[in-house]
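Chemist: Chains E and P, in that order, are what the protein sequence lines are. Plus 269 on top of the position in the first sequence (first one is 1) and you've got our numbering. Plus 44 on top of the position in the second sequence (first one is 1) and you've got our numbering.
Heads up, some of the hints might be wrong.
[Unchecked claim] From chain P, some residues computed to sit far from chain E (all C-beta separations above 10 Å):
#1 Ser75
#2 Pro155
#3 Ser164
#4 Leu170
#5 Asp317
#6 Met337
#7 Gln353
[Said to hold, decoys possible] Some but not every residue of chain P turned toward chain E, in silico, with C-beta under 8 Å:
#8 Met176
#9 Phe178
#10 Glu207
#11 Gly208
#12 Ala275
To be clear, the hints were calculated from the coordinates, so they are not data collected in a lab. Being a predicted model, the structure only gives us computed values, none of them experimental. Don't be surprised by glycine CBs; every beta carbon is placed ideally from N, CA and C.
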Amino acid sequence: MSLTYIEAIHQAQKELLAESPDVFIYGQDVGQFGGAFKATRGLSDEFPGRVVDSPISEDAMAGMVIGAAVEGARPILEMQFADFSSVAFNQIVNQAATHYYRTGVQVPLTVRLPSGGTPGSGPFHSQNMESLYAHYPGLIVVTPATVADAYGMLKEAVMMDNPVMFCEHKFLYNWLRAEELKKNALPIGQARIVRSGKHATVVTYSAMVHEAVKAAEMLSNDGWEIEVVDLRSVKPIDLDTIMASVSRTGRLLALGESYPWGGVTAEVVSRVVAEGFHLLDAAPMRLNSKDTPVPYHPDLWAAHRPTPESIVVSLKHLLRL
Amino acid sequence: MLQTDDAESLAQIHHGFRSMVTSRTLENKLSSLYKAGKIVGGVYLGKGQEAISAALGTVLERGKDVYAPLIRDQAGRTAFGEDLLDVTRTYLGKVTGPMRGRDGNIHRGRPTEGMPAMISHLGASLSYISGMLFARRMRGELHDAIGAATFGDGATSTGAFHEGLNLAAVEKLPVITLVVNNRFAYSTPNDRQFACENLVSRAEGYGVRGHHVDGTDFLKCMETMNIAAKAARAGEGPQLVVADVLRLCGHGEHDDAKYVPKNLWDESRDCMDVAEQQLLEKGFLTPDEIAAMKEDARLKVQKAVAVAQREPTPDPYQDDWSALGS
């Protein structure tokens, strides 16, 4: 029986609730309704009092689960959309992220952020927040690109003692399927070589992994072998895997769906340049969305984010074609 | 009225007053140390707010209840059982303190002992303590424990305060929300902070019980806090307590508070004087006992400062520069 990405998240949460009495889920419409994307469907009946509807109060929702985590609970906070976590920003970056450093008391909290663009979602239901959260000390930021990672990394995240921002991509929710959930997944903090190659490296994460693979397939018709690295977690970042790949290919494209100013792709380029300048045969490149809010119309949206076609253009430039 | 013939109530009154005396003594010392350049960072005092703060700290039980004090709650912290060394070590930036030099002054606490360390962003503690109580209730470990968080008039204007109180009300959590209206948020007077007649009227809007008390009247503060705590313990949900005082100092010791009109100073009364007079009049304490209390506080404060002053500050070469736990 195959599972979708969102079903894998549901399955992970169901198992977590069953395995640990400390786990609970808090968020808007997560109870009887089962969540805006049905990630908690049926769970409030199965686990009474542990899958709880919140008021529309992202700040207080985050503060509440932080306090609960300090008391030893392992809360999962579902933000209805990653975009709305901006309202909870203070609690996340100033309360949760500083807590261990200041007090020595850890906050075993997982914040699920339904992230990224889908056609017709517009400026406020499409954003990617991973770069913002990764900027702050004290947070782990993960960006699963596969069904297996959506499942395995969520299970790992909730059992971690540090706060984890779990950036799940809405575009992958229903079309991405897997036949089975691998139980021996890589741990958080390790990147994965999705596709090996020798001419150029694309370092990416989340939904863009699939766009990068499509671009690599398009170029393979002309004999180009593109290596695709899926970061899996953007913080901590697996620089070893990135550097090993760049040392094989000599060329780097850092690819992300989030806005272009600063962020994960800038971090990847700066680290590779600073620590592996001598490995590079060409100036490294970045490709992100455009520097505007995420547009509503599907035609505008498709042109706003990187696509296999625009990734191919970048790669051809990188390969001096 | 308070059952003043009740031994437990008398013990409460003594405890509360003793905490006020200790707090005022300590804060006067901190002010001197600040002026002598001995403090790392700022000093923020609770002068004029000791009665209401101590009343709250007194009705809470350390080891059972949770208490999120704010900037002007030295009296409440002391009443709740905070070690004076936690205060002096943190103000002096000592590595031996609970914050180990990583945070300072009033941003201190012991979260696993029921006292979170405040962040500077006002209102944020209300949902935090609600979560602490929620977690305990979910595990069936709440029993009759309660939580309390304190705020000034300025904090009531934040979204976090509104969201937090509403959430606590929706969850019917046993939370005392204390708002001490000291008439100035830094320099901003009440008429630039809120437009309602009295902040306690907001209780109705949140669907919680409201209490209004003169924060300079120590015995009234004790009575009100006992009523609020009893109601919260009995499962009656959040209690909003609004206490009126005047801040008898600047926002911090760097601030001369010249913006406070002179007539306000002239009309104000110090809760310390009121409390002392009340206890003498009621015969709860004798002048000698009060004098002994003050002397005891002086010695304890002196010792806490002296001990902390001899201790080391953090060593940047030895400190663990990791923001994540293992």
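Chemist: Have a go at the Phe178 (chain P) hint: is there a Cβ in chain E nearer than 8 Å to its own Cβ?
Modeler: 6 Å, holds
Chemist: Does the no-contact call for Leu170 (chain P) survive, Cβ to all of chain E over 10 Å?
Modeler: The claim breaks: Leu170 (chain P) does not keep its Cβ more than 10 Å from every Cβ of chain E (closest is about 7 Å).
Chemist: Would the stated hint for Glu207 (chain P) survive a check requiring a Cβ distance to chain E of less than 8 Å?
Modeler: Given a least distance of 4 Å, the restraint on Glu207 (chain P) holds.
Chemist: When the nearest CB of chain E is found for Gly208 (chain P), is that gap smaller than 8 Å?
Modeler: Holds - the Cβ of Gly208 (chain P) comes within 8 Å of chain E, reaching about 5 Å at its closest.
Chemist: Would Ser75 (chain P) pass as off the interface with chain E, using Cβ distances and a cut of 10 Å?
Modeler: Label holds. Min Cβ-Cβ 25 Å, cutoff 10 Å.
Chemist: Using Cβ atoms only, decide whether Met176 (chain P) comes closer than 8 Å to chain E, and label the hint accordingly.
Modeler: With a closest approach of 4 Å, the Met176 (chain P) hint holds.
Chemist: Met337 (chain P): least C-beta distance to chain E exceeds 10 Å?
Modeler: Consistent with the label, Met337 (chain P) stays out of reach of chain E, its closest Cβ about 32 Å off (over 10 Å).
Chemist: Would Gln353 (chain P) pass as off the interface with chain E, using Cβ distances and a cut of 10 Å?
Modeler: For Gln353 (chain P), whose nearest Cβ neighbour in chain E is about 23 Å away, the distance exceeds 10 Å, so it holds.
Chemist: Is the hint on Ala275 (chain P) kept, meaning its closest Cβ partner in chain E is under 8 Å away?
Modeler: Not OK, violated: Ala275 (chain P) not within 8 Å of chain E, min 22 Å.
Chemist: Check the non-interface label on Ser164 (chain P): least C-beta distance to chain E beyond 10 Å or not.
Modeler: 8 Å, violated
Chemist: Does Asp317 (chain P) sit more than 10 Å from chain E, CB to CB?
Modeler: Asp317 (chain P) is indeed farther than 10 Å from all Cβ atoms of chain E, at 37 Å.
Chemist: Taking the minimum C-beta separation from Pro155 (chain P) to chain E, is that value above 10 Å?
Modeler: 5 Å, violated
Consistency with the previously given hints fails for numbers 2, 3, 4 and 12, ordered from lowest to highest.
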